[in-house]
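The task is simple: from the sequences and hints, build the whole structure.
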Amino acid sequence: MWTSHPSKTAPPGPWIHSRRWDLLFLFASGLLVALPMASYQLIAHATGVAPQAFQHSQALGIAMLINLGAAFLIGGPHMYATFTFTLAERRFRERHPVLLWSALLVPVVVITLCILRIELLMALFFAWAGLHALHQIVYIVQQYQLRAGAGGPPRRWSRGVDVVLAFTSLYPIATWRLLAAPGAVLTLPFGVHVNAGFSIGKVDIAREVPLFLQGETWIAGVVAGVFAVALLAFVLRTVAEVLTRRAIWPRTLFLAVTVPVAFALPIFDNLDVALQGFNLWHSTQYIGLVYLMNAIREERHEISSPFVVWLSGKGRGMRYYGFIVSVSVCSGMLIGVLHYGLGLPMLQSYYAVLLSGLWVHYLWDHATFTQFDALAPPLPLASRA
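Sequential numbering of the sequence shown, starting at 1, is according to the working numbering.
Hints may be right or wrong, so weigh each one.
What the hints assert, rightly or not - Computed Cβ-Cβ distance ranges for the label pairs, DEER-style:
id : residue 1 : residue 2 : range
1  : L232      : R117      : 34 to 42 Å
2  : L24       : W157      : 30 to 38 Å
3  : Y340      : L232      : 50 to 58 Å
4  : M333      : R245      : 27 to 35 Å
To be clear, the hints were calculated from the coordinates, so they are not data collected in a lab.
Using N, Cα and C, we set each Cβ at its ideal position, and we do this for glycine too.
Below you can see the structure in the form of structure tokens.
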């Protein structure tokens, strides 16, 4: 599995698994983006808390409740799913010793920053989380591109359009919010106003931007310009593909759905609730992809762990999901022990446990998202000779 190029595999097309599976796990799960913000608004309305008063303790408590629910049911399980094909897999341990052992430093860094500079920890967390989520989007897009088949390998400029569009989609407005002077307001079409600052709860991570970059909003303009060029190239390419009947519809539709969502999310004031929705979508996709990867590995007889074999394979979805949820609940219990048992602050306890696992997940998945044959099922036996 841990090779960059397919060997004894042949990806089917045009869907990663099937139209029904892809539309459910990769597309329809996008409806989850609205769930945290809608829940927050409903709870705020029911309790009389003004939604815009996000810095107040009662509003923060509502946000924490929503975030914890999302973390234990989807966000946390997606993180622990990683370990079923990395730490638990002998081939990964043998072929990525640097990634394996460097993960031991992650809890040290996270706990140190939790104690000394939680603002910097939050800034690094959201920076890496964004790159990780966008890397997954690019991986899915390239999976669809590989399944195009008859058209041959994708041209380099076409791949570049997809990569640049995906990686810049989240940042035009987010970059402005990080760099703009306090009190500045960005006016967008249709009467939309965006306030400067990037507040996650009581922490404004815009304050962690180096002094020489603060106020340099022209950088956001450059990012927006690159995004606009990539978007125009995507539209023109799509028109040309439709006219010549060479459109790769799953890839095109996936970008057409994902890019507007990523672009619009930083508009909201309650960023950690809004971005939690994007995390739910990303995590649901990831849980489905890892289940599919493990099912394919089980069919190829490539899994070295008997326990992962027991978890994996067709028809074992609930067993697999139940296991990763149980690990997520155990991590929640550890947070409770640190806070209620040892008296540590809740914020530090939450992020020390959560980010220690998440950052290892990010680190190892940068390798995973280069393994494009991981989602290609085995060739039929008659074709392997």
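Hint by hint, here is what the structure shows:
{"no.": "1", "hint": "L232 / R117: 34 to 42 Å", "verdict": "holds, 41 Å"}
{"no.": "2", "hint": "L24 / W157: 30 to 38 Å", "verdict": "holds, 32 Å"}
{"no.": "3", "hint": "Y340 / L232: 50 to 58 Å", "verdict": "holds, 54 Å"}
{"no.": "4", "hint": "M333 / R245: 27 to 35 Å", "verdict": "violated, 56 Å"}
This entry does not satisfy hint 4, going by the numbered hints stated previously; all others are met.
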